[in-house]
Structure formats: C-alpha cells, structure tokens
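As given, the protein sequences belong to chains A, B, C and D, one line each in that order.
With the first letter of the first sequence counted as 1, position 267 gets the number 267 in my numbering; the numbers rise by one all the way through.
With positions in the second sequence counted from 1, the corresponding number in my numbering is that position plus 1000.
With positions in the third sequence counted from 1, the corresponding number in my numbering is that position plus 2000.
With positions in the fourth sequence counted from 1, the corresponding number in my numbering is that position plus 3000.
No wet-lab data here; the hints were simulated from the structure.
Just so you know, these numbers come straight off a predicted model, no measurement behind them.
Mixed in with the good hints, there may be bad ones.
[What the hints assert, rightly or not] Within a straight-line C-alpha distance of at most 27 Å, the following computed DSSO-like cross-link-like pairs (lysine-lysine) qualify:
#1 A:279 with C:2252
#2 A:252 with D:3252
#3 B:1252 with A:252
#4 B:1279 with D:3252
#5 D:3252 with B:1252
#6 D:3279 with B:1252
#7 C:2252 with B:1252
#8 C:2252 with A:252
#9 C:2252 with D:3252
#10 C:2279 with D:3252
#11 C:2279 with A:252
#12 B:1252 with A:279
#13 A:252 with B:1279
There are 4 protein chains.
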Amino acid sequence: MSAVFLLSCPDRRGVVSATAAFIAEHDGNIIHAEQHVDGSGDEAFFFQRIEFDLDGFGIDRDAILDAFAPIASRFVMHAELHFTDELIPTALLASRQPHCLYDVLSRWRSGELPIDVRVVVSNHPDHRDFCEHLGLPYVHLPVTADTKPQQERAIMTTLTEHRVELVVLARYMQILSDDFVSEHPHRIINIHHSFLPAFIGANPYRQAHDRGVKLIGATAHYATADLDEGPIIAQDTEHVSHRDDVARLTQKGRDLETMVLARAVRAHAEHRVLVHGRKTVVFS
Amino acid sequence: MSAVFLLSCPDRRGVVSATAAFIAEHDGNIIHAEQHVDGSGDEAFFFQRIEFDLDGFGIDRDAILDAFAPIASRFVMHAELHFTDELIPTALLASRQPHCLYDVLSRWRSGELPIDVRVVVSNHPDHRDFCEHLGLPYVHLPVTADTKPQQERAIMTTLTEHRVELVVLARYMQILSDDFVSEHPHRIINIHHSFLPAFIGANPYRQAHDRGVKLIGATAHYATADLDEGPIIAQDTEHVSHRDDVARLTQKGRDLETMVLARAVRAHAEHRVLVHGRKTVVFS
Amino acid sequence: MSAVFLLSCPDRRGVVSATAAFIAEHDGNIIHAEQHVDGSGDEAFFFQRIEFDLDGFGIDRDAILDAFAPIASRFVMHAELHFTDELIPTALLASRQPHCLYDVLSRWRSGELPIDVRVVVSNHPDHRDFCEHLGLPYVHLPVTADTKPQQERAIMTTLTEHRVELVVLARYMQILSDDFVSEHPHRIINIHHSFLPAFIGANPYRQAHDRGVKLIGATAHYATADLDEGPIIAQDTEHVSHRDDVARLTQKGRDLETMVLARAVRAHAEHRVLVHGRKTVVFS
Amino acid sequence: MSAVFLLSCPDRRGVVSATAAFIAEHDGNIIHAEQHVDGSGDEAFFFQRIEFDLDGFGIDRDAILDAFAPIASRFVMHAELHFTDELIPTALLASRQPHCLYDVLSRWRSGELPIDVRVVVSNHPDHRDFCEHLGLPYVHLPVTADTKPQQERAIMTTLTEHRVELVVLARYMQILSDDFVSEHPHRIINIHHSFLPAFIGANPYRQAHDRGVKLIGATAHYATADLDEGPIIAQDTEHVSHRDDVARLTQKGRDLETMVLARAVRAHAEHRVLVHGRKTVVFS
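Construct the complete structure from the given sequences, taking the supplied hints into account.
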C-alpha cells in the first residue's frame, strides 16, 4: 500500500530536494521517483511522480496533502495525491464493436488494470449479457439525432450515480458534446482508430487502403473539446502491405486499438500521466 | 543473370497461365514470381513480378519484349522488362544534411544497393570531397529565388548527360517544379521527414515535440506534382517519449529517414515496385 | 467460395506453368498465387499456394485432386487441396491461464479466425462456465503423475470423437508425449512463452529479468517430439527495460503470446503455411 | 556544462533526500534525475543518475567527490562523477567488415556520439585510408595463431598510449583474452551478431536461416570473461520471412548491428548505464 504524488510546477532550484526532504522527515520510504523538465530557461517546467510506502509514514493519509501544502505553495505547484489501494471508479462507454470493451473488461478481471469498473454504458443492447455475467450494471441508452442531448444527460446522471472519475471510450461511436467533455478534463480516454492527425473522419481503414499506406496506427488520448488537440497518451503502428485488404487492415487496426487503449488506461490508472498543455508526460 | 517482368493489367482469367506458359515454352526457369490482385469484380487489377533465368532461355534478351507482345496486347498489359545485370543509372540530389546521402553511397559501395550512381548534385558545396574521393562527379548548383528555374534546367541537363533513370532526393531541400517532377514519373524517390500526411511543412520534429507525439515516422515515396499524393513505397516509425527533446527527435528521425530511404531505393532498384494510381504494390 | 492448393516439390522448369495451365484449362480464376523457391541448384525446393474460384470451375470439387494427380506425379509433388468453406475442426487445450484461450475464442466468435472450434480440453475446471456459455463442450481431464498416460489417451479419444484436425495449445502446461505429438504432425500449434531457443525451461520471465534482457519474445510453432525443432510459424518481440519487474514482464509476455498465437492459428487456418524440414514457408 | 552522478547502493530510507539536499545546499540545479530500485526487501538495490548544472554550483568541480564522500560512505555507495564537457577517450577495434566502424565514425563526426575517438585498431589494413582521411591514427595489428598474445599486448600498449577509457568492438572478429577483458570491466562494448543467447557461434545468419526464424536480432553488451554473461545494454529485432535468403538476412542483420551498437555507445557515453551483477540499468 503506497501513496503517489503527481507534482508539476515551474522549474526552480531546490524543488527535488524539498519534496524528498518532506518524505524523509516523516520516515517515508521512496519506492519510485521520476522527474522531467520540459523546456529550458524561464519556460522550464518541472514534473514529478513520487511513490512512497504508507507503512510507517509519520502522517495519516488524510492529512498528507495539508502537511505538504506549504511546499506546494512555495513552488506554485499543482499537487495530486493518490493511494494505490483506492482504484479509480470507472465507466466504460461502447457502441456495437466489442473488441476494446471486452479487452478492457478481461484485463480488469485478471487484475491487470487497477481500475474499479462500476458501469458500462452503450447506445446498443449487444453487450448486456456479457456485462451482467460479470456482475456489471449495463445502461442501454440508444441515441437518435433527436434524443442525443437528453441521452447525454442520462449518461452524466449515470456517471454521477456511480461516482465515476474516469470514462473510457471503448470505441464509443457517438460524438460527445463540448460541454460533456469540458466537465471531465483529462478524465476521458479515447482511442482513435488511426494515426493522428492523419485520416480524420469516417472509414479510416478504407482511406488508408486507398492511399496505399505501409503502416497503420492507433492513438489513445484524453478527449478535449477540440478533438485534434487531445493530449496523446499512447500510440503504436503496425506494418501493412498491398496484400492487406480493407478487412484485414480493419482487423489489424482492431488489435492495435485494443493494445494501445489498454496501455493508456493502465498508465492513467497507475497515476503515471501528467498533462501539460496539449502534451503529456507519461512516466514509465 | 536474370530477367524481370513487371506486368499489370485488368484481372482476367488465364493471365497467370499465359505468362507462365510463355516462359516455359522458351525453356525459361522461373526463380521468383509474385502476383497481386487489387480490388474485385470489374475493377480487379492484376500485378505480377516474374524473375527468370536468362541462362538457357530460348530468346535473345533484346527480342523478348517483341516475342511477348501478343500476350501483352491480348490482356491490355503494361509490361516492363529489366535485366539484373543492368543497374539503373542514378543521380543523388542532396542539400547540406549528409545522413541520407552518405548512407546511400555507403550501401552502394558495399554492393547492397544495385544501382549505378553516376552523379551527385547539390545546392551546397559540402559533400564535394567525399563524393570525389569515391570517384563521383559532384555538380554544385547553388539556388537562390532568382536562379532557381535556371538551376533546375542545369539539373535536367546533368541528368540527361549522365543518362539518369532514377533520381534519389537524399534530403534535397529545394522544391522541384511540377514540370521537373512530371517529366520523371515514378523515377524520383523522395524521403519525407515525418509521417505523411501528418506534420507537413517546416520543422516537423519541432511540431512533433510540441504536439507530444509518442511516435515519429518517415515515408519514402515517388515524387508527384501533388506532393501529398506521391505513391508511398516504404514507411516506418519509432517510439519516442517526453524525454526526447527536439534534438533527440531529430536524431531518431535521421536514423529513420536513412533506413526508410534505403529500403525504398532497394525495392525500386530490384524492380519490385509497381505503381497503380496513387498506390504501390511492393513485392517482397 | 474458393479452393486452395498447397504444393511442394523439387524445383523444376515448368512447374509454375503446369499448375497455372491446369487451372486455366478448367476455367478457373486464380485469386491469389504465391510461390517460393528455397535453396538453389539441385537442392532447390519449390513451394506454392494457389487460391482459385470454385465458381464456374470445370471439375467437381471432389474430383479435383484426382484430375490433378498426373501433374502431382510428374513433379513428385506433395499436394494438398483445401476449401475455404470447410473450416478446420479444432480443439483448444488450456491449463489455468486464460489469456490465450479467451483470445482465440473471442477471435473465433467474431469471425476473425476461420476455424471450427469443436471442444475445449483442460486439466483445470476454471474455464467451464465461459466455454459452456459459448456453447462449447468442456472436457476436464485433471492430470497427476500417475494419471498422465491415461488422461492423454482420454484427450486422444476426445479429439477423435470430435474429428479434430488442429490442436491449439493455448498455454497448456502439460508436456505431451512423443507418441501424441508424432500422431499429429504439423497439426498441433504451440505458443512458447519466450524467444526460442533462449530461456527454455521454467519461469522464463524470471530468467529474462535476472538476465536483464532489453527484449522479450514469443514464438508459435508446430509441436514436434524434439521440442526445440518445431517449425516456427510466427514470432514477435517487445522492448522492455530495467523498470519492468517480473510481474510486468509477464503481463507484456502474455500480450505477446496472445498476439503471436492468434497470428499463427490464422495463418494455418487460411492454409498459408507449408512445412519443409524444420522450417516453414508462411505465405502472406 | 553539467555534472553527472552515477550512484548505486543498498536501498535505504533517506538516500534520495540526502543526495538532493547535497546538491541544493551548494546551489546546484538538477537538470535530470532518474532512479530505480531493483528487487525488494533486504535485497533492494538503489540506482540513481543525477545531472546538475555546474554553473553557479558552490564547489569546484575537482572537489565535488570529496565533499560528497560522507554521504557516499554513510550509504555504502558506489559513486561516479562525470562532466559532460569531458568526452570519454575511445578506441574502435574493427576487422574487415566496415558497417559498424563507419557508422560509429560518422555519428561521432556529426556530433551525435559524445565520445573522443583517439585511435582505430584493426587486424586488417582495409580502413586505413578512411580513418586517416578523418585524421585518426590507424594501428594495423594483423593476428595469427602465433602472434595473437603479442598483438594483444600491442593493443593494450596502444590503449594506454592514447589513455583510452572505452573500447568499442565494431565487429572485431578476434576473441580477446580473459586477461584483456578483465582489465577493462564495463569498459568494452561488443555487438553480438544475433539474439543472445541464441545462435552462439559461427555463421549466425546461416543458422537463423536453417532454423527458419521469423525474427533476427542484435545485442550490444559489455564484454566479460564469460561471453554469455556480459551485461546487455541494448537489443533489437527485425521481422524476417522465408523470402530472406542468407544474404538478405545478413544485410538486415548489419543494419540492426549498426543501430544497436550506436544506441549502446550513446547510452554509455552519456553516462546513462549502471551495471549491477550481470544486468544493466539504462536510464533514458
């Protein structure tokens, strides 16, 4: 059982020393620490992830952030504190395609993804059996042009009811409104079925085939109101050739999407992602 | 010593049999044969590469295409014939950056690239020593806004003098005119310092850094008047992270460019590339 | 609906022409054809995969092999004929670990793997619910040192009952006897949790961690009596670092195993694999 | 201009804080810091790389290690201090094959590898021209069974004369004696033309071809008396297929060797490698 500080602030002399001293003074044992400085000179920005043992730590877990406040304030820090025994309450949104949804659920069940899946929401009824078999509430909210705003409100209500703090769009094919996205900054992870910013739009594998690409890709990113600007968390590609027809491109693409989304959700769930403008720092 | 047919035509019953029979009738021994059908139904298009031994073949090499003409005509084929002992006369165009130029030259010298490098053209004097050390003519054609058209004509003259049939743009930073490009269809190979169609324009590695991408890429393609439409021959990517500053991204990018360009030039030089619209078939 | 010839024979002039002519004479339309020659001179060996439309083909599907026999005989060919509408009857063998089993089943259900899964056999009861939920018979055959031979006979009986022609070892942790393996030449696909021939034995990820490797791998191969000699069908690797502890290596390894096994099963199921000694030709 | 601490010691509470405080007290600014803990409990071992600005640092560079000694002593640390403006004096050893030698030299010339190449030693005369063209002494020491010990002594003398601290075996095909290797612990980088520990011995690409592998690899490691135990610095693989004959496997292998060796030399030169038993920690 450990605690994780995610810290960011303008880079200043002494910042590493100050946080390390704070933990040492209270008899904490640092398990992992990674830091990064982006940019240089006056624009240099500091990022840090420190994981330390709660066992034997001299401050009660509820009081740590308060005790740390003077340091955070001195360095004008953005400071988050997480505990590895408190899994992030998560909702999965999916449409008809099962590959990402089933993969996240199977990794969650095997203990590989430290999230607390509370509910699955879909605009299709297809996955009800599977989800209920796993003991998960399945909320079916079909969407038409007319019902879209009201169904989005229903999603919000569902998220609130289940106290959800992370939304994973597991190939959810409905575009969410700017309002919805803005209310969950860096709390919605999307998987894009292509290599951003290439081939934005419908049928990316058809586009890739028509263009004769020799690689296809997938990108997992935080959703933002401006779709193209969402901070990228993970990306990967796979070689393809003229022998790959649209069906096989799609199949290879599904495998990529699945893998890249899982990698992004894991990084977020393990508190290894810090966002800075439209970039991320993803500690290893 | 062998001959290579590169054939393409609308897909029709019997085409494979007809070409195989032609070679068998004249006691040819097929060493490699690969074929591909793109699309289906009426739009299906057939591509084939057949490499066969010239040793013991019943027709003189100069007469083969004529003897094959009835078959080509029956299937409305585009037919090219190449001989592996006739290396493609090649010019390299480079600017200041050496990595692609030196790599192509070193692979050429080691016998890895079956091309006949005849001349190096550059708008900078930097590589003269190295090229002349290798016994290659080095044509220095500095370019300003005013002299651009006349220098391009000088390049054309140089290519004609050396009977060049393949132009490799080894990070040549001047944009060639549409006329120049159109006169050498599928005869100019360019390496693009990024992942097409992403990050077109100046400073792609700066753009990639600012965007926080987790992958960078390189694309080798035939140059066409419409830059974005050049048929892609080879692509690759490399993982990067927030730890890669612009300098290291650039370095990783150079390695990728070098590798991908070499792969594309080799495929072309070995007569393994067929162009179809804005796509390529690259046989292995 | 199409037919697939898998042919191999000593390389001789005219072999390509003979098979192409056979198909053309009976009004067959070749959809795909790939060939390969391994070695040179007297030891050159020829491999071919030809897929052609059964629609309009002049011979009844049951009579094709007989009609082809004279050609097969003339070239001393090993000839197999498959039909794409006849899926290979398949058994999956698994132990406690679910990742490969569930992945193969989910790809099979989505139509991605053209196999006909008939039965799942396991030495553990864990996956009964899941398999029966999918409508699959689940045969639980627990194994102890004493019961091993008799349980293996029970597996054989099960395979015979279900007329199984392909056995997929989806992380089946019991070593099969030489007799069992020899009775199913090139009909058992195994996934090896490492990079053959490195780290053979127990706990490969622990071994890899202790050795400080920077890559881990997975290998799918046909099982043979001599484990290290099984012809390799597919392999892949993934970068790792000192940051990956044994748990994370194992997790990454599971993803690799899953992916590589699926790739190998697909290649076999699509009749794209030819075995030659201890090597394979895997057409794309 | 900065300084780099490479530290390792048994993991103890307060170690991060102690080193950070040391730098902060003397007004140092930490530019990069990475740490790693290997193992757990009593066997946990701590590794750290800290890079800090020398500009404005309160201790003269020659006095830093002395000032740090009490901390090093308290934590039973192995402590190294490097300065980024002091490039490692390096010798390259090569045989007939040029690819690794030329690649390292070209990256060194372009400023990509922060090493100070002082001399090239070879048992063949082939590369004299090229090296002398670059202004490098070229020591030709041909080796026969009889002259081997004396030529190795001549190599040692050469290394001493040039005060060499890093030896890069750029495909040097002579086996160095245990004595030679033991005198340069973690100071000799070798590139192995295969994927360790697979295919040890002569002609690895022939072995890989005969075995029908679907991947080839290269491994860069520190040379040790026990060849198979040398701590691995970098590894990579490349997909291959039945279409790759031995010549093409060799070519792809050369590209891999070149790339992987460059990556390892760079990591060492940037003081990012710590050795622990037969493993390495390679900070990014």
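Hint by hint, which ones does the structure fall short of?
none
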